[in-house]
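Peer 1: So the chains spell out like this:
Protein chains: 2
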Amino acid sequence: MKKKSFAEAECPIARALDVVGDWWSLQIVRDALRGVRRFTDFAQGLGVAKNILADRLKRLVGAGILQVVPASDGSAYNEYVLTAKGRDLWVLLVALRQWSDRWIPGANEYGQVLVDAQNGEPVAPLELHASDGRKLDLTDLRLVASASTRAKSA
Amino acid sequence: MKKKSFAEAECPIARALDVVGDWWSLQIVRDALRGVRRFTDFAQGLGVAKNILADRLKRLVGAGILQVVPASDGSAYNEYVLTAKGRDLWVLLVALRQWSDRWIPGANEYGQVLVDAQNGEPVAPLELHASDGRKLDLTDLRLVASASTRAKSA
Numbered sequence: 001m002k003k004k005s006f007a008e009a010e011c012p013i014a015r016a017l018d019v020v021g022d023w024w025s026l027q028i029v030r031d032a033l034r035g036v037r038r039f040t041d042f043a044q045g046l047g048v049a050k051n052i053l054a055d056r057l058k059r060l061v062g063a064g065i066l067q068v069v070p071a072s073d074g075s076a077y078n079e080y081v082l083t084a085k086g087r088d089l090w091v092l093l094v095a096l097r098q099w100s101d102r103w104i105p106g107a108n109e110y111g112q113v114l115v116d117a118q119n120g121e122p123v124a125p126l127e128l129h130a131s132d133g134r135k136l137d138l139t140d141l142r143l144v145a146s147a148s149t150r151a152k153s154a
Numbered sequence: 001m002k003k004k005s006f007a008e009a010e011c012p013i014a015r016a017l018d019v020v021g022d023w024w025s026l027q028i029v030r031d032a033l034r035g036v037r038r039f040t041d042f043a044q045g046l047g048v049a050k051n052i053l054a055d056r057l058k059r060l061v062g063a064g065i066l067q068v069v070p071a072s073d074g075s076a077y078n079e080y081v082l083t084a085k086g087r088d089l090w091v092l093l094v095a096l097r098q099w100s101d102r103w104i105p106g107a108n109e110y111g112q113v114l115v116d117a118q119n120g121e122p123v124a125p126l127e128l129h130a131s132d133g134r135k136l137d138l139t140d141l142r143l144v145a146s147a148s149t150r151a152k153s154a
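For the record, the sequence lines run as chains A and B.
Heads up: the first sequence at position 15 corresponds to 15 in the numbering used here, and the numbers run straight through without jumps.
Heads up: the second sequence at position 149 corresponds to 149 in the numbering used here, and the numbers run straight through without jumps.
A few of these clues could be false.
Which copy? The list can't say, so a pair holds if one copy fits it or any two copies do.
No farther apart than 16 Å at their CA atoms in a straight line, the calculated lysine to aspartate or glutamate pairs in the EDC-like style are these [as the list claims (entries may be wrong)]:
id, residue 1, residue 2
1, K58, D116
2, K135, D116
3, K135, E121
4, K58, E79
5, K58, E121
6, K85, D137
7, K85, D101
8, K50, D116
9, K58, D22
It should be emphasised that the hints constitute simulated quantities derived from the structure, not laboratory data.
Next comes chain A alone, as it looks inside the complex (with noise of 0.2 Å):
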């Protein structure tokens, strides 16, 4: 069954999703940001299919977040390389990571933790501030129409 595309959709959330919110996609970004480049590397450490890796590698060079670049090494590979846009996914992935070790039990018992390469130490939670520099909660958090959509309602 095809998903619908939410590539129309006014939700920048759901527009998001459509680029990334796939467990394949987010998966591959998460290889690539540690340093995965080739298929088959990708292909070993998902454990996914080779037709669905194929696929989604295609669909997320398509979306500018993958680069296909000739081999590192010289050899007749390509490499897969995040772009500025794919790279900047890794504060999604640390906000997934830090629920998921908030959250679920056991997720992390035998795996990695993030930490500061400068002083070894695990990372803060993600935080969000005003623009005055204030920490927001939840509750701070308001939804409103954005200037744009004002001006042309006027």
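Starting from the known structure of chain A, arrange chain B on it as the hints suggest.
Peer 2: Only chain B this time, still in chain A's reference frame:
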């Protein structure tokens, strides 16, 4: 085709995706954060088939992200409200929204902006900090074996 379950996977990102890594699931959480509580309201807002919505709601309840409560107006309908675990996904949804606003041109042209309720200004980008408060970027991060893993190997 049934997806492979990551429930036993070691990676906390994969484990989190096993729970919320689904277009509809994350959009249900998004709408629940905005106050949607009833099946018919989720269905109308999302434009999703009722059988898919029923399945996703059931999975989110099973995963402890939503809970079923009696209708707030005393009617016979049940309502779905987020648990603390579910509400805590707001950081992930903010990360998704901010990435979309930065990288998907036009995704939010007619949309809404996330503002701080107190000053009405758009919120700042999510920030990751070290334990000593320094702001971290992707290049500052390392994944290391957790202390418990190291203890087990020793």
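Peer 1: Each of the hints needs a verdict: does it hold here or not?
Peer 2: Hint-by-hint comparison with the structure:
| no. | hint | verdict |
| --- | --- | --- |
| 1 | K58 <-> D116 | neither (33 Å within a copy, 38 Å between copies) |
| 2 | K135 <-> D116 | between (21 Å within a copy, 10 Å between copies) |
| 3 | K135 <-> E121 | between (22 Å within a copy, 14 Å between copies) |
| 4 | K58 <-> E79 | within (12 Å within a copy, 41 Å between copies) |
| 5 | K58 <-> E121 | neither (37 Å within a copy, 38 Å between copies) |
| 6 | K85 <-> D137 | between (26 Å within a copy, 15 Å between copies) |
| 7 | K85 <-> D101 | between (26 Å within a copy, 11 Å between copies) |
| 8 | K50 <-> D116 | neither (34 Å within a copy, 45 Å between copies) |
| 9 | K58 <-> D22 | within (14 Å within a copy, 20 Å between copies) |
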